[in-house]
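Dock chain B against the given chain A, drawing on the hints supplied.
Chains as they are written, first to last, in this note's numbering: chain A, 93 to 427; chain B, 93 to 427.
These are calculated hints, taken from the structure and not from any lab test. Take these hints with a grain of salt, some might be off.
Remember, identical chains collapse to one label, so a pair may be satisfied in a single copy or spanning two.
As a list, the in silico SDA-like pairs of lysine to any residue whose alpha-carbon atoms are at most 25 Å apart [as the list claims (entries may be wrong)]:
no., residue 1, residue 2
1, Lys-94, Thr-414
2, Lys-412, Leu-95
3, Lys-423, Val-391
4, Lys-423, Glu-396
5, Lys-423, Trp-394
6, Lys-412, Glu-426
7, Lys-341, Gly-292
8, Lys-423, Pro-263
9, Lys-412, Gln-120
10, Lys-94, Gly-232
11, Lys-423, Ala-380
12, Lys-423, Ser-167
13, Lys-423, Arg-122
14, Lys-423, Asp-117
15, Lys-412, Leu-375
On a predicted model such as this, the values are computed, not experimentally measured, just so you know.
Number of protein chains: 2
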Amino acid sequence: MKLAEQVIAGDRLALARMLSLVENDTPQGRSELDELFPHTGRAHLVGITGAPGTGKSSLVNQLAYAFRHPIDGSSPLRVAVIAVDPSSPFSGGALLGDRVRMRDLVGDPGVFIRSMASRGALGGLARNTAAVAQVFDAAGFEIILIETVGAGQGEVDIARLAHTTIVVEAPGLGDDIQAIKAGILEIADILVINKADRPGVEQTERALRAMLELAKPERIVMHHGRLAVLSYQEEENEAARVWKPFIMKTIALRGEGVQELAQAVREHGEHLRRNGEWQRRELERLDAELQGLVQAELVARWRERVPEETYQSILQQVIKRTISPYQAVVKLLEK
Amino acid sequence: MKLAEQVIAGDRLALARMLSLVENDTPQGRSELDELFPHTGRAHLVGITGAPGTGKSSLVNQLAYAFRHPIDGSSPLRVAVIAVDPSSPFSGGALLGDRVRMRDLVGDPGVFIRSMASRGALGGLARNTAAVAQVFDAAGFEIILIETVGAGQGEVDIARLAHTTIVVEAPGLGDDIQAIKAGILEIADILVINKADRPGVEQTERALRAMLELAKPERIVMHHGRLAVLSYQEEENEAARVWKPFIMKTIALRGEGVQELAQAVREHGEHLRRNGEWQRRELERLDAELQGLVQAELVARWRERVPEETYQSILQQVIKRTISPYQAVVKLLEK
Chain A
93 MKLAEQVIAG
103 DRLALARMLS
113 LVENDTPQGR
123 SELDELFPHT
133 GRAHLVGITG
143 APGTGKSSLV
153 NQLAYAFRHP
163 IDGSSPLRVA
173 VIAVDPSSPF
183 SGGALLGDRV
193 RMRDLVGDPG
203 VFIRSMASRG
213 ALGGLARNTA
223 AVAQVFDAAG
233 FEIILIETVG
243 AGQGEVDIAR
253 LAHTTIVVEA
263 PGLGDDIQAI
273 KAGILEIADI
283 LVINKADRPG
293 VEQTERALRA
303 MLELAKPERI
313 VMHHGRLAVL
323 SYQEEENEAA
333 RVWKPFIMKT
343 IALRGEGVQE
353 LAQAVREHGE
363 HLRRNGEWQR
373 RELERLDAEL
383 QGLVQAELVA
393 RWRERVPEET
403 YQSILQQVIK
413 RTISPYQAVV
423 KLLEK
Chain B
93 MKLAEQVIAG
103 DRLALARMLS
113 LVENDTPQGR
123 SELDELFPHT
133 GRAHLVGITG
143 APGTGKSSLV
153 NQLAYAFRHP
163 IDGSSPLRVA
173 VIAVDPSSPF
183 SGGALLGDRV
193 RMRDLVGDPG
203 VFIRSMASRG
213 ALGGLARNTA
223 AVAQVFDAAG
233 FEIILIETVG
243 AGQGEVDIAR
253 LAHTTIVVEA
263 PGLGDDIQAI
273 KAGILEIADI
283 LVINKADRPG
293 VEQTERALRA
303 MLELAKPERI
313 VMHHGRLAVL
323 SYQEEENEAA
333 RVWKPFIMKT
343 IALRGEGVQE
353 LAQAVREHGE
363 HLRRNGEWQR
373 RELERLDAEL
383 QGLVQAELVA
393 RWRERVPEET
403 YQSILQQVIK
413 RTISPYQAVV
423 KLLEK
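Only chain A is shown next, with the shape it has when bound in the complex (with noise of 0.2 Å):
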């Protein structure tokens, strides 16, 4: 049996090949997603994105706890879980200690934990994350959930693939910490206030509750990845189908507050899918994988026509100024 077969019959050691494969873009990795890509489309792609000291890592491993053990009746859901670590450009190496929290998912064949490294380009990250989440999407994983650290355009590109995002906040992590929430607060679904049992708590709420206002999430719609403002006509078409953004509160390493999250994610989902915005969303992350995938094979496709002693000789003239850059752009297009 072919591997991608093996895959989708839900052999965990033929997964955790593929995903070896996927993750280091290898040309078979390639050939296999080709076969896999048929089977996807039927997974709910959660990203989960907050700074550092937010207790995301814990509150990811409880949400899919809460997935495998629903108490408000419905199925228990398969989750995989991708742990995307930009936390270490230069070393690549991701750094697990959260990972040992995840005791009571160990042994459960309906939980699988893939943990990447980021390795160079940001751009390439967010490519292998897209091609490890088509794997577990084909091996038949109801819910991914996709956890990152960092703020900014990280947490743009998990928005672009992710069908539900939460943005995990927490008290007293600092006070100018707002002027990365503004960017953040435009891409959540769902804000989670984390540590709710801190002090301050009340504080954090008010400010998220005021950026959300200033947000106006009602009157700007996301239109070919780019943000429009609505007219009033098509705003009272447009209101059938937005979702207000909502706060809720967690005691992650109490469990609290967890399952409420995630019958909120469920909820959004079917949102999703009511209103054809799953689709929407659906195009728009193949759109932007699409093209990242275009703009690395013009890349790499030229490196192989213009020889490395080409470049080198054209950079020198950059770097004595005897030329622009945009001069030698051209001149190295010419090629």
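Quick look at chain B alone, frame taken from chain A:
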């Protein structure tokens, strides 16, 4: 007189206009930049980075003041500040609250401050920042302070752009912030603990010191943009030109420790010039810039070749799972 000549002659209005042209990446901006480029290569680029809440912006303002008013008998230097704000990736709006604290610098012709909003991709932002820095360089600014928020890839891009990288920390910003520090520490030439009058400063210093030991920078060097571990023979030759990152404490709001920091930055610049490291960083910087420009141009030319409807129809096949993303790339590049 041409715009580029006016900029070189020190005309502030021409400078402001040039910055806008270059920041928006207009064709005129590109050709003016070609004119300016031979006049670049003298400025000392200093990257200042750190998480929100570290008081980084106040420190940048104080540092600019310290370079303008040195107390060690050295001459005042002309200072440009580039505030890169990727906090709001969608709205593109820069939060300039901190800039109002800069009243000490207002009216000083030896200072120029430019805030850049993040527009679209992070790669694009890095390219624009490089171009803006070149304009300031050609205009005769001797110190260019580049301030960024965020964590992860953004910092690495600054390290490539800057001769000197300052990483700013502050006491009490959460406990597992360490995860992110590991990566950032590797790019730091100088580590600053700001808000050093706050409780917990000894703890922060101990943690940073422990991580510096772990990083063992004396055995690891940058080689063609990658980290390389030295053999023991190489190590001896290397020892003379290795800069050991160290920790400084500041209280930016009261200006404490800032003159010393400015001095340390100047010393780092002299160190780089003394042992050829300046040229090496210059090479890596222009190499990264050139590669980024080539990539952007390849994509732009490809977009011109492939009609939008062709792209959309292939994307639709991917969405219907008729073909995989990789198969789509092959089709798109055949055109």
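Structure versus earlier hints - violations, ascending order: Hints 8 and 12 are the ones this structure does not satisfy, whereas the remaining hints hold.
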